[in-house]
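*Asks:* Here is what each chain is made of, one letter per residue.
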Amino acid sequence: MSSVSMTINGKQVSGEVEGRTLLVDFLREHQRLTGTHVGCDTTQCGACTIHVNGEAVKSCTMLAAQAEGADVSTIEGLADGDNLHPMQEAFREHHGLQCGFCTPGMIMSATALAKRNPNPSESDVRHWLEGNLCRCTGYHNIVKAVMAGARAMNA
Amino acid sequence: MYEFNYHKAGSVADAAAKVAGADDGTLMAGGMTLIPTLKQRLAMPSDVVDIGQLGDLKGVSVSGGTVSVGAMTTHDTVANSADVKSAIPALASLAGGIGDPMVRNRGTIGGSIANNDPAADYPGAVLGLGATVVTDKREIAGDDFFTGMFETALDEGEIVTRIDFPKPEAAAYIKFPNPASRYAIVGVLVAKTAGGVRVAVTGAGGTTFRATAMEDALNANFSASALDGVSVSADGLNQDIHASAEYRAHLIGVMAKRAVAACG
Amino acid sequence: MPRDDGIGAAVRRKEDFRFVTGQGSYTDDLNRSGQTYAAFVRSPHAHATLNSVDTSAAAGMDGVVAVFTGHDLADAEVNGLPCGWQVHSKDGEPMVEPAHPALAQGKVRHVGDAVAVVIAETLTQARAAAEAVDVDYGVLPGIGNMSAAKAGKAQVHEEAANNQCYDWELGDEAEIDAALAGAAHVVELPLVNNRLIANPIEPRVAIGDFDTATGEHTLYTTSQNPHVIRLLMGAFVLGLPEHKLRVVAPDVGGGFGTKIFHYAEEAIVTWAAAKVRRPIKWTSDRSEAFMTDAHGRDHETVAKLGLDADGKFLALKVETDANMGAYLSTFAPAVPTYLYATLLAGQYTTPLVYANVRAWFTNTVPVDAYRGAGRPEATYVIERIVEEAARQIGMDPGDLRAKNFVSPDAFPYQTPVALEYDSGNYAGTLEMAKTAIDYAGFPARQAASKAAGKLRGIGFSAYIEACGIAPSAVVGSLGARAGLYEVANVRVHPTGSVTMHTGTHSHGQGHETTFAQVIAERLGVPIENVDVVHGDTNNIPFGMGTYGSRSLAVGGSALAKALDKVEAKAKKIAAHLMEASDTDVEFKDGQFTIAGTDKSVAFGDVALTAYVPHNFPHDELEPGLEEQAFYDPANFTFPAGCHIAEVEIDPDTGTVTLANFVAADDFGNIVNPMIVEGQVHGGIAQGVGQALLEGCVYDEDGQLVTGSYMDYAMPRADNLPNFTVDTQVTPCPHNPLGVKGCGEAGAIAAPAAVMNAVTGAMRAAGVTKPIDMPATPSKVWTALNAS
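Chains as they are written, first to last, in numbering that gives the first Met the number 0: chain L, 0 to 154; chain C, 0 to 263; chain A, 0 to 786.
Heads up, some of the hints might be wrong.
Stated by the list, open to error - Quick list of in silico lysine to any residue cross-link-like pairs, SDA-like style, CA-CA up to 20 Å:
1. C:K7 / C:D22
2. A:K587 / A:A567
3. L:K114 / C:N79
4. A:K453 / C:D227
5. C:K38 / A:A131
6. C:K38 / L:M0
7. A:K453 / C:A260
8. C:K84 / L:D123
9. A:K453 / A:A658
Stated by the list, open to error - Okay, the calculated bits of chain A under chain L, using three or more residues with CB under 8 Å as the criterion:
10. 279–287
11. 679–693
12. 703–714
For the record, the hints were derived by calculation from the structure and aren't laboratory data.
Just so it is clear, CB atoms sit at the ideal spot from N, CA and C, and this is done for glycine as well.
Please construct the entire structure, taking both the sequences and the accompanying hints into account.
*Replies:* Here it is in structure tokens:
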């Protein structure tokens with residue numbers, strides 16, 4: 000066991016982890032931040048997407064120890080109390096979610112796109128979401144939501 | 000995952016020493032292959048030495064006709080580097096097509112070529128562009144680097160520090176992705192260089208290889224139609240539920256023609 | 000003016016705030032105090048005898064609390080997993096129904112079959128110890144597919160001779176053969192309906208807990224139907240009475256059928272938690288899901304359609320082999336029989352239909368209902384052979400369909416395969432879809448594709464489904480071992496807010512919003528004052544859960560009946576308050592009024608009076624305002640419609656691009672059009688996935704080749720276009736809301752539409768032998784180059 004410290008959603012945290020502890024397990028089990036989900040074991044579904052130092056990453060394919068000193072953001076850090084982040088609001092408004100399981104990863108991936116591309120096209124969004132699987136929506140409304148959310152974030 | 004000791008290397012020398020000092024040490028770059036492998040309990044290293052964060056190994060620089068990419072430069076950095084885009088746009092576009100955005104933010108060029116997955120993209124670039132792989136011990140020509148499936152010319156504990164890509168006159172990489180994994184079923188990089196045309200194929204065989212018959216045809220006439228009638232043998236090509244060897248052989252021709260056309 | 004939160008409004012979902020903020024509460028997000036973790040030892044072999052299972056090393060490892068094997072379960076008299084539907088063969092014999100032990104006894108029968116379970120303080124300790132369980136397997140020849148099963152390469156179950164589970168028929172074979180012999184044209188088509196893996200993004204999870212003080216067992220599980228799990232597990236597997244067994248299915252991350260069934264892990268964690276007196280959590284990883292979640296489809300069929308000289312359908316004969324996998328999953332026997340063959344009339348007046356279905360055991364994961372369950376397979380048969388018939392006789396495929404449709408004035412329409420269709424307008428949805436895709440413009444688009452070196456095809460799928468599952472008496476007579484009614488409880492609180500309890504379960508369908516809209520509409524209360532609760536057997540009277548597009552048609556009807564009772568009682572209270580007769584009281588927009596007077600009383604005042612009954616008709620009524628209704632449907636509902644796909648093929652690589660997809664559906668009345676569209680989108684994506692991408696592959700010996708997302712191709716955002724979806728409304732005449740159900744339509748219709756388009760495009764390039772799903776680049780290219 001060794002100690003790891005990082006900032007999560009603006010809060011300084013630390014904990015004791017094994018070398019093999021995954022970042023997603025540190026978030027879910029140690030920090031009780033269960034909004035970040037695990038849907039596969041081959042780094043494909045993207046349900047575990049978070050931001051590390053401002054970049055979207057799959058937290059199931061990163062060790063907690065690798066995040067030492069990092070600035071981590073998860074789905075729980077996005078809304079301001081009851082006020083949803085524009086991307087969260089866009090998902091709600093455009094019915095971009097059904098069961099909600101892939102949604103935190105989708106939203107974290109989408110906000111990363113919006114930071115780079117304030118006005119993504121349908122094709123930009125579909126390609127960007129290559130690493131996020133959804134089984135419910137057929138992506139149609141997710142794509143609409145991401146396009147609208149990106150514009151709202153950059154308005 | 001089995002238990003292991005995690006170390007953050009302070010330098011390349013420190014990493015080499017830590018791996019050498021471990022019972023069964025392994026280097027970790029971006030971890031995009033190693034961590035899934037560990038999760039599946041397919042590997043049981045005693046120590047994992049993380050070099051992914053070494054600043055010395057990150058970044059892109061251009062000097063004369065050479066684009067140097069630090070081994071721990073992420074795919075995303077290469078894909079979006081203004082220097083790479085202007086000097087070797089094919090390399091930027093290849094990097095931008097690896098995995099997905101999250102994987103590109105962690106995965107590195109050094110990790111990719113050291114792992115030498117037969118379906119990875121970067122080996123095609125290193126071979127096709129005639130790059131030089133620089134390690135903590137020596138320089139290895141791209142032509143000599145990839146020795147077999149998941150095998151390279153690297154010695155035990157040798158660490159890739161940089162890859163030097165000579166700027167081609169023109170180059171393009173076109174891949175046909177696996178519908179499930181999105182890795183390359185076939186990827187072809189065509190480069191027009193001072194030393195002639197190079198055609199490197201990835202995804203199709205046990206490791207990346209040059210399609211010399213295509214190179215000959217293109218040296219005579221650099222146009223897609225020059226490849227009509229030049230076929231690649233299916234013998235020894237990969238075969239799986241997604242693609243037969245014959246289909247892969249055919250795709251090499253199609254991707255090569257498209258790459259030639261994309262060279263402009 | 001209609002309410003903006005009532006029936007017909009595109010109300011934004013009440014559940015979304017918690018989901019978009021990461022505050023959903025899925026089973027794996029729950030942890031019980033003192034919780035331990037389970038890891039299973041699973042067979043790497045498709046078929047083997049268990050010579051010995053040595054747990055001694057594992058039992059001594061760090062953190063290990065207990066290790067159990069099949070022997071331990073047998074000693075504890077834990078029964079095997081039950082099958083909920085019995086099918087009889089055509090000779091009258093019941094199907095072969097082998098035991099399905101929760102942990103293997105004597106033999107393993109598929110890769111992933113559970114041999115032992117390790118319970119430890121941490122998950123890593125449990126996994127490490129599971130690896131240390133020493134199993135001596137006697138490897139037997141494995142049966143990876145139905146051909147191998149028929150060839151009798153090995154026997155999966157001793158009691159199933161030739162590996163056959165049943166040989167079932169519907170209709171008169173001699174009559175159909177005679178009709179086919181007399182037909183002007185007979186079209187014959189062999190078809191494979193590829194095996195699929197449902198892959199909800201949330202893997203299955205089960206947590207067992209036991210309260211030593213009360214003797215109550217609790218199972219938290221990723222289920223579409225917690226009451227069904229309680230019934231199956233309590234009554235059949237563990238012998239626990241309902242009042243001591245609580246099953247909770249909290250937020251569930253998608254189901255698509257595969258979370259209907261009762262799984263071994265649920266029973267084991269429930270039983271073992273009482274044994275070790277500690278809560279036990281099991282979380283499937285994705286690799287485990289691939290080899291333990293029930294799979295779907297897997298049919299091989301030969302169909303023959305006879306037509307007269309004018310193109311009227313005379314007779315359809317269908318012979319299907321259906322793969323059951325290694326054991327009978329909960330509803331498996333019903334899927335290729337009563338949920339399949341009864342739909343083979345489609346939207347057509349075909350007077351004679353015959354089906355013969357043979358079900359087989361193989362050394363593969365059990366196969367059961369997956370989105371659509373039987374109806375996609377039926378639609379695929381009908382709509383592929385009708386399209387093929389149009390091509391062979393040179394008729395426009397839309398015109399051939401229209402010529403054979405059941406006409407709108409023919410309802411109720413009795414089909415030759417047992418069902419009575421209640422309402423519909425099939426020509427209406429066909430025309431709607433043709434307009435949406437600009438069918439008339441197709442030849443020009445095809446010519447443009449050809450000029451660019453591409454092949455273009457267009458394909459129809461005019462589907463029908465039997466939903467609103469199901470009239471209990473009917474399914475009971477067909478072998479179901481359960482009723483399929485639904486339950487609703489409406490609790491009006493003293494201040495007029497409402498909590499509704501439903502026996503259906505939402506795992507993406509948005510019941511918390513849709514059901515609340517019905518209540519808002521009927522009671523005139525704002526939707527934010529309505530909460531819908533599901534998923535906990537301790538809170539909800541009973542229920543059969545969510546599948547078969549049944550929730551609104553059956554659960555919503557129960558709600559409507561409960562609301563009738565609330566309204567009737569409230570009217571009496573209002574009449575008392577207004578000193579009038581309740582027959583003179585009208586209720587609208589939340590106000591009780593007496594016709595022709597200015598007297599009125601608000602719903603909230605009536606609610607308060609019900610709970611503060613100072614001025615109350617005590618001689619006539621009890622205080623309180625809470626009503627419950629059970630609803631057993633009079634018939635199935637029959638959603639129907641027409642989907643059209645347009646594809647473009649790159650002949651150089653065989654890549655199929657879905658260029659356009661339109662859906663025109665008739666779901667009866669619609670409560671929330673936004674949610675309905677979302678359900679159609681999702682269904683289409685799964686249907687397109689089946690047609691172009693997905694296929695579970697076993698090798699000949701029963702090894703699972705597609706064991707992860709590296710090899711099983713899931714549809715991703717860039718595989719799909721935007722979809723155009725529209726609806727027409729012919730209300731269901733026999734349920735109070737006039738609704739039919741929408742959840743499965745896309746998955747039912749899309750595969751045939753896409754494959755008709757693909758095979759049409761290939762036919763234009765000279766390939767007349769149709770390929771099977773999935774139409775992968777490799778398969779398409781190979782077929783194009785074989786010609």
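*Asks:* To test your reading of the hints: which numbers does this structure violate?
*Replies:* Per hint list: zero violations.
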